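Chains A and B supply the protein sequences, listed in that same order.
The letter at position 144 of the first sequence is residue 144 when you use full-length UniProt numbering, and the numbering goes up by one with no holes.
The letter at position 52 of the second sequence is residue 52 when you use full-length UniProt numbering, and the numbering goes up by one with no holes.
Hints in this document: simulated from the structure, not taken from any laboratory.
Here the structure is a predicted model, which is why all the values come from computation and not from measurement.
For each residue, glycine too, the CB sits at the ideal point set by N, CA and C.
Please note that a few of the clues may not be correct.
[What the hints assert, rightly or not] When the alpha-carbon atoms are kept at most 25 Å apart in a straight line, the in silico DSS-like pairs for lysine-lysine are as follows: (1) A:LYS963 / A:LYS944; (2) B:LYS36 / A:LYS87; (3) A:LYS48 / A:LYS16; (4) A:LYS967 / A:LYS946; (5) A:LYS159 / A:LYS118; (6) A:LYS597 / A:LYS436; (7) B:LYS116 / A:LYS963; (8) B:LYS63 / A:LYS329; (9) A:LYS29 / A:LYS48; (10) B:LYS135 / B:LYS35; (11) A:LYS946 / A:LYS963; (12) A:LYS946 / A:LYS1001; (13) A:LYS373 / A:LYS386; (14) B:LYS100 / B:LYS135; (15) A:LYS16 / B:LYS116; (16) A:LYS329 / A:LYS366; (17) A:LYS29 / B:LYS37; (18) A:LYS1075 / A:LYS996; (19) A:LYS29 / B:LYS36; (20) B:LYS50 / A:LYS159; (21) B:LYS36 / A:LYS34; (22) A:LYS597 / A:LYS650; (23) B:LYS116 / A:LYS159; (24) B:LYS35 / A:LYS176; (25) A:LYS29 / B:LYS135; (26) A:LYS1049 / A:LYS967; (27) B:LYS35 / A:LYS34; (28) B:LYS37 / B:LYS63; (29) A:LYS571 / A:LYS597; (30) A:LYS44 / B:LYS116; (31) A:LYS34 / B:LYS37; (32) B:LYS135 / B:LYS116.
[Unchecked claim] Only part of the chain B face toward chain A is listed, based on derived beta-carbon distances under 8 Å: (33) GLY19; (34) LEU21; (35) GLN24; (36) LEU86; (37) GLY103.
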Amino acid sequence: MALKIVKGSIDRMFDKNLQDLVRGIRNHKEDEAKYISTCIDEIKQELKQDNIAVKANAVCKLTYLQMLGYDVSWAAFNIVEVMSSSKFTYKRIGYLAASQCFHESTDVIMLTTNQIRKDLSSPNQYDTGVALTGLSCFVTPDLARDLANDIMTLMSHTKPYIRKKAVLIMYKVFLKYPESLRPAFPRLKEKLEDPDPGVQSAAVNVICELARRNPKNYLSLAPLFFKLMTSSTNNWVLIKIIKLFGALTPLEPRLCHSTSQMSFLFFLSPWLSPSSLSTSNSTSAMSLLYECVNTVIAVRVFVVVVKYLGLLAMSKILKTHPKSVQSHKDLILQCLDDKDESIRLRALDLLYGMVSKKNLMEIVKKLMLHVDKAEGTTYRDELLTKIIDICSQSNYQYITNFEWYISILVELTRLEGTRHGHLIASQMLDVAIRVKAIREFAVAQMATLLDNAHLLTGNTQRNGICEVLYAAAWICGEFSEHLENPMQTLEAMLRPKVATLPGHIQAVYVQNAAKLFATVLRSQEGNTDRTAAQETSQLMIDRLPLFVQSANLEVQERASCILQLVKYIQKLQQKDVEVAEEVNALFAGELNPVAPKAQKKVPVPEGLDLDAWINEPPSESESEDEKPRTMFTREETKHSRPRHTEVDEKELAKRREVRKQEQASNPFYIKSSPSSQKEAPGVDHIPVVQIDLSVPLKVPGLPMSDQYVKLEEERRQKDRADKKKKEKKKRKEKGGRRGKRDSGPESEEDITPAHMVDIVTEEMPPTAICRSVSLVPPLNSPPCVPSTCQKSSKHKKKKQKKEKEEKDKKKKKKHHHHRHHSDGAGEESVQNGTVEEEEEPLPTISDAPTCSLASPPPFRQVCDIQGNLQDGSQVVVSLIFENKCDSFLKAMEFNVLDSLNSRLQRPDGAGPHDGLTVPFQLPPGVSNEARFVFTVKSIVMPQKLKGTLAFIVKNEDSSTHEKLDFKLHFTCTSYLITTPCYSDAFAKLLESGDLKASSVKLEGVVMPFPHLLARICFHHHFSVVERIDSCASMYSRSIQGHHVCLLVKTADQTVSIDAKCDEPSLLSNVLDEIKLTFSQC
Amino acid sequence: MVRYFKKIMHFLLLFSRQGRLRLQKWFTPTPEREKKKIIRDMTAMVLARKPKTCNFLHWMDLKVVYKRYASLFFCLAIDDQENELLALEILHRYVELLDKYFGNVCELDIIFNFEKAYFILDEFLIGGEVQETSKQTVARCIEASDMLQEVKHTHTLAHMLIL
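Pulled out of the complex, with its shape left as it was, chain B reads as follows (with noise of 0.2 Å):
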């Protein structure tokens, strides 16, 4: 059922060289246990492949683009009729946004404002279609957003200390 409905991207990972997950995003529902079964699958296969290798794999009946940026490993499922140059395109496009979000960003950027690059991805990424494909347009929304948080966040100070 769920492979049956046409979309680009099914699922995105992000894991370490050593094959721990920094970041999933799920563009299906999918049961626990079957996403567990995917991330072992897939940090076994990606890691497995030798460097200088192509950045495309088969699995399943889906296509798999994954990318190497430092220590992370970027990984998007797409449809099978997908154009595998977007995907890897899609990729560099959210490190793009990383990168100018958190500065030079790495590793543990990720892991420590996980939160973060989640909210960036969901402006950049939705229900497994680009959302938007301009770069400042995404950082515009995401800084808005985070102001947004910081004012609401000083009301609620300001409140306690009126209280």
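Here chain A stands alone, though its shape is the one from the complex (with noise of 0.2 Å):
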């Protein structure tokens, strides 16, 4: 058994995990289905296996694989196997494998039973909260009616955690086996005043749906529900509420007072002060505002405030927005028949603003309905006046069958007692005049309602109405052509009654009258028979005299005038002359509507000089021609031709002004996007302050990517200015090597040509590194920079700046600090430092197909290793990685591949070829230290580690997964630790005779005798015991506590160490790299 398990542990080292898998299909995009098929076959073996940390690995994969859209319904019972595991981990896997996988047809649900059931009752909470959330997503009818008491039990849980996810399942419960509502129910009440808002709301929720489906049951919670509403201040909640009371005010009409308040204050708060929603923007706080008014419209509130306010924002809403309120056409008409006048009144307004082509006609026919049944004139005449005003706004814009209009406009006419008469008339005139297509259908209803004069003038008190015959009589009279039956007409326009009439009706009566006659005349003449012709004249001079009574004088005026007419043409009709050609004269020519503004474009004859006062200036300038044009002031012709407005700049700029505040104060008007603040100059001179982002305060969306880039790209081209001059100076030292490449990257930023000149990239000549240059230089560079520019780079990668630092605790509280920097050279040779760290050459990375798009950042890592002494076996090495390339980096994986001897320390429960995660991220320009704990068995010998560093870069809308490889070189003095020994201690060691001794000479060595010490010092941490004159005594303690003594002596160039050690290897190692450090400088 024992062999089985460590064999499936040992297994499980060569079986690929989640992460290999996925990189593994992103590796193999050309033949992805084949890759995956072979992945399942290995999935299969590992299934196979009894090991369970195998078959989760397994399962774990699968689940992914399912999310691709393979099919992996066969391992339904091995995902009940992981399921069934004790431990969390697996058990885990396994559920969210089964809440993917399974569906209610799935027929090893039915085996999951007790195995769920167990969990449930599991002691440790997340256990029982993973069954609770597969359950949530695989519950069937069965595992519903078999688990219902088991749920109903953990409602009761001592643990919120467990309490919440229960309430909520329930609901899922109650949907697949309805009767166990009613036993839950009590206890589901008892949720709503849980101590813990999390179930507290959780049993809102699922009372809240519950509701909705069959509100009758729930009338009873109302109060309970109203107390929650008004002490909760969690959005959330108060949404779900909001609701639950739409379904509920429709069944009991007390409850809407509360609720409508309740809504509203919520619902009003924004419109009450501005500024406050401006200041709370958060899309919850918008959506309960969007849920109260759909609250307050919906549930048909009773409150009339609530209604009247409600209409009234939706009348601003409607000038930002109207398409928004125009699905609510059908709730506005309906309060037309509110009890409240004003709030037809407002609902009226509103329907102004909503009308469209399209539906023109419905709301008119909508509102003539509510004409009829209109009661209080003063309403009455508002629907009248809102029915033109709806149908000519904007110049007719929205009518497109007039002959519609004229029927409306005549059906208005029956309305009785409204004062609007006169505007009735001019909407007849204007549209008969202006439409010559409707003419003869206007002509034939207004002889109509000639004819049936005696309606409209019922009662003549205060009646406003028969303005209408004004319009009827000059629309007959003028356009008498169209007339179907003059003669009729004729007669109607002078029926006595007529005179009761206001006189300037009558006037126009008598006007017209000419003019029909005229037309009746031409008519009858026409014919053989000429007494028809003279019964007409007979006619005219009986009637008009009635006329020439009138008090009023015009009427009298323009009577006496025809009826002298009349009798002059009678006398010639007696004489058997034609006059009908010449009566018509007198009404020759068409009347065109003219233009208000038509006046501007006569031009002003030469020598007039408009502004000279011909008189005095009397004291009323309005002069007596400008008179008619009134009538007319509403037309606005369609004849003439289109004219250019003149507005000039003053006005324009004046109109935006406003139209800037309007859409600033207004709460729903969105502001311009932030792309558009790309154009803004303002935007670049902001002073950029490092956002440090290892804290994500901010969801990365794009407005805010965009930003951010915009920043970015400002430091970015900082840096690259300071880097230029850094460079120039450097290439004059050198004299004339220059790079005039673009790295990959940039050139796509960089938009401007300017700037492609400018770059020079990180190429430097391999001497001019100094020590804060990066260890590996233009990593950003394309994978496809010509030859000579990566062996350059190369080589600037083997770079390296090296830093030893002791930061021992025991040493710390000594103050014994050493801190030394020395550079190297050339990867291969081995540092006196303690550490050497080398990156792949660039191509390599750039070759790997995922990588193959974006090149990794240049990175630099400076690396120290530090022994423990309270550890013999430990060495803590720091790294100080350091981001230099212009995207984030994060997600960083550290991971060394173990040797027999070292091993990287990983924290329990990671895996032997596990990486380890670095504990920060990094944004561009920032460097941080993490430490990594190696445990070394033997420390005689140096060794290199190899390693990787895998890491995710992410730029604003892309991020690609990168690794570099490394090497870490632990050299034997890095297992050395500074220890100060006095003189005697060391004789006494140098006597015991357990050491063993070793030599070794260094020639041609120019320092001097202190210098060389100290570099021992610095660089292989020894502390010098006594020195005299050219010779020394130097000792110091491994971290296994091997003690290392010497002698150096120097004579001519020529510097000899004589070496004591308790380990002959270490020595000899440790003589090694003295020596090297030696000959490098």
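Assembly of the complex is requested from the two constituent chains, each provided in isolation within its own frame, with the hints serving as guidance.
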């Protein structure tokens, strides 16, 4: 058994884990299906093993494949196996797989009942939680029936975490097994008053959903909910409660008041103070508001105030978002039925803004119905004017059929007691004059109106509607050629009853009777029978005296004038003279509509000074001849040529300003998107504060990232400029080495050609690299850079900055703290420093398929190894990572291929090949230090460990996975710890005879002896015990307690080192390293 | 039958700009065949939307609320009578949770740690209802479960070593 488990765990090391699978799929873009089919084969093998860890791993991979659309139903049983694992890690994966793959027809679900029941009653809340979560996804009626009791018990669990989940699952159970609702409901109700807000909101959720399906049963909970509503501050809960009340109010009118009041408070707050909305513009607040509006409108609130203000609010919305209000047309029309007149008027206002070509007729039809029903003249008058306003707005823009409009106008004349007769009249005139095609129809309608004039004049007191007759008479007269039966109309106009009409109407009657008379004459003279014409004249002569007696001077004058004319005509007729043509000539020519501004078009005749006063200015400037035109003020002729509107710049600017202000104060106006800010020059000058992105305050949405890019770009430019300066200097010194290449990502970013020229990538002669220069320079240079460049960058990569630091805790206390710097060259050379880090040449990374598009960013690692005295086998490696590129680096994973001797210490639970996550992220230009602990068995030999650093490079909207290979060089001196030693102890140590001796000679060392000693001390962690002239004894100790003693002598550029140590191989290695240090200087 | 029951959410999809599915969560059990069809329709519809259009679509008898975060589209199908703004808020909250967990979350985080993304979702939503509105609480639960996982794992390793 034990062997099996061990074997399993060994096998596991060679299995693919999920990450490998994902990576593999990404690497096999061309033959994905093939790759996955081999993976599935592997998974099948893994599933056959007994080891649960292997199985869980396989199931995890299957879940991923399932998401990609592969059928994994065959593994259902294995999933159940993993679910039933006693370990949370595997159980979690099993339940996840089940919730993703199982559905009601999965037959193995019935096998899970007992397992789930066991998990539900597990003492561990997370086991229970995972089971509940899984259950929510694949609960079947059978499972619901069997487990309803268990879940119900969990609703009273001690942990709110479980209670919350159980309450929500209960809803699922109710749906699948409705019988459970009755016994569970009391407990569910209790949860509304649960001390934990999460449980409370879960209960609200469930009850709300239940209530929406069957509101009647939940009315009794209303007071409870009302209490919750007033006390809760959680918008999510409030939305639910308001929704619930929305469902309840139709059943219980008393609720309306409170609901609407509450909704209304939320609803109104932004209107009351416009600033509050701008400050609390979070979506959740907005959605609450929206919910409130929905409720207020949809519930048909009885509370008048709310309705009224709702409509008022809508009219505000209408100005900016007409479409959104249009969908509520029916509701608004319903408001017209409201008892409250002001609400109806509000609704009317709204309708005005809502009409379109499509719905005009429909809306007006509804309005007409309301006109008929309406009580109270004020409202009816309002309705009437609104109908006319709606129809005539923006120059009859929405009217598609004018015949319809005329009939509407005629219908409106049937209104009793309206004061707006003149309005209708002017509309009739306007339409008849301006729409030529409609004249025939209009004339026919008007003729009927005249015929039935007695209906209109029925109530003469304060009768406004008779104004219509003015228009009717005029139209019939003017366009009499369209009349079917002019004689009849003429007779109608000359009825005695006309005398009761207001004077100005009578005047029009008289005038137009004359016009009609002319038309009639013409038609009658065409006939052979002359008597008809004479009869007509006689009719005129008979009737006109009635008007001559009129008290109205205008009528009198016109009537007597026309009477004389007719009398003269009659004389001519009696002489058999044809007069029709001449009579008609009186009214020849067509009246054309004149636009109010038409006068402007008339050129001023030469020599006419319009500004000069002809006479002394009269007290009334209004001249007589302007009056007739006021009649046609509405006219905006369609026949006149299109004129370009001349609005001067000032006016335009003013209007723009007004519009801007309106937009600014309007909470619903979406301000111009951030992308437009790009154009704003001001942004560039905002000082850039480096934001610490490791604190994820913001979610990287697009606009945000755009902005960020902008700032980033600016910073980069600055950097570039600085770099350029440096490089220029360098170039001068080096004499003309220059690079003109653009790095890949940069060339994409730089839009202006000027930048292209300016950019000099980080190509620097190797010797020019100073300490602060990055270890790995231009990793952002594209994979396709010319070969010369590759060489140079490769060379640079070998450059390393080494930093050695002894930071042992004990040493720190003693303030014994060394810090040296040394530059090395060439990766193969063994450094005096304790660490060698080496970056693999770039192209190999770039060649990897996944990375082919984006090159890895420049990255600098500074390494430092310290031994740990407290534990003889531990070495701490501090790595300073510095991000030299412009992208965000994250999810860094540090991994080292362990050797037999040295192992990276991984946290408990991690596999032997798992990487360690670097506990921070690197925004561009930021460096941070991470420490890794290695366990070393033997310290006598130096060694190199190969490792990789995987990380994600995140740009504004893409991210790539990158890898860097490196080597960690553990030299023997890195295991030495500077330990002070007194000369007597040192002598004793040498005398003991346990130490093996060895020696080395260094030739050609030119440095002064103290420097030499300092060098050894710094690089190799020795301390000077005693120094006499050109001779010194030194001491150090390894982390495992080996004593290393040196006797350093110098003479004529030759340094001889005699050394003693209790471990000969350690000694020889240390000596080799010392030799190397000096060979390099 | 499925559509008959009222619930806030029906499914949640995450997909890339290329239409590659990154995460799918079905709050109503749906047959595989139908799932595939829905996914195909959804991705096609959402990806065809022009930028700066509104975040809402009507599809069948559902409302689809989507939002693009960097290269990922988050797409949530809700009931006809539900509140779209709330759905947007739910999406945003989920992204915030992911962001908190992964730290400046990106698409690759979700690809490589898809099970974590699911675990977070499961703590936030359950059965198509919002389970926990507090970010802190969700984060705490996830952390605690992760810890539990680590601890258990250690036990296993220790167990193995002893054997």
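Each hint, compared with the structure:
1. A:LYS963 / A:LYS944: 19 Å, holds
2. B:LYS36 / A:LYS87: 33 Å, violated
3. A:LYS48 / A:LYS16: 15 Å, holds
4. A:LYS967 / A:LYS946: Holds, at about 4 Å.
5. A:LYS159 / A:LYS118: 17 Å, holds
6. A:LYS597 / A:LYS436: 21 Å, holds
7. B:LYS116 / A:LYS963: Since the Cα atoms of LYS116 of chain B and LYS963 of chain A sit roughly 23 Å apart, the hinted pair holds (cutoff 25 Å).
8. B:LYS63 / A:LYS329: Holds, because 21 Å separates the two Cα atoms, which is no more than 25 Å.
9. A:LYS29 / A:LYS48: 29 Å, violated
10. B:LYS135 / B:LYS35: 30 Å, violated
11. A:LYS946 / A:LYS963: 13 Å, holds
12. A:LYS946 / A:LYS1001: Since the Cα atoms of LYS946 of chain A and LYS1001 of chain A sit roughly 32 Å apart, the hinted pair is violated (cutoff 25 Å).
13. A:LYS373 / A:LYS386: 16 Å, holds
14. B:LYS100 / B:LYS135: Since the Cα atoms of LYS100 of chain B and LYS135 of chain B sit roughly 9 Å apart, the hinted pair holds (cutoff 25 Å).
15. A:LYS16 / B:LYS116: With Cα atoms ~18 Å apart, LYS16 of chain A and LYS116 of chain B stay inside 25 Å; holds.
16. A:LYS329 / A:LYS366: Given pair LYS329 of chain A, LYS366 of chain A holds - Cα atoms ~11 Å apart, limit 25 Å.
17. A:LYS29 / B:LYS37: Status holds; Cα separation ~23 Å.
18. A:LYS1075 / A:LYS996: 19 Å, holds
19. A:LYS29 / B:LYS36: Since the Cα atoms of LYS29 of chain A and LYS36 of chain B sit roughly 21 Å apart, the hinted pair holds (cutoff 25 Å).
20. B:LYS50 / A:LYS159: 47 Å, violated
21. B:LYS36 / A:LYS34: Within the cut-off at roughly 21 Å; holds.
22. A:LYS597 / A:LYS650: Judged against 25 Å, a Cα distance of about 21 Å means the pair holds.
23. B:LYS116 / A:LYS159: Holds - the C-alpha atoms of LYS159 of chain A and LYS116 of chain B are around 23 Å apart, at most 25 Å.
24. B:LYS35 / A:LYS176: 21 Å, holds
25. A:LYS29 / B:LYS135: Not satisfied, since the Cα-Cα distance of roughly 37 Å exceeds 25 Å.
26. A:LYS1049 / A:LYS967: 35 Å, violated
27. B:LYS35 / A:LYS34: This hinted pair holds, its Cα atoms lying about 23 Å apart.
28. B:LYS37 / B:LYS63: 17 Å, holds
29. A:LYS571 / A:LYS597: 46 Å, violated
30. A:LYS44 / B:LYS116: 24 Å, holds
31. A:LYS34 / B:LYS37: Satisfied, since the Cα-Cα distance of roughly 23 Å is no more than 25 Å.
32. B:LYS135 / B:LYS116: Between LYS135 of chain B and LYS116 of chain B the Cα gap is close to 16 Å, so the pair holds against 25 Å.
33. GLY19: GLY19 of chain B check fails; min Cβ-Cβ to chain A is 12 Å, beyond 8 Å.
34. LEU21: Status holds, d = 6 Å.
35. GLN24: 6 Å, holds
36. LEU86: The hint holds - LEU86 of chain B has a Cβ within 8 Å of chain A, the shortest such distance being about 4 Å.
37. GLY103: Holds, about 5 Å.
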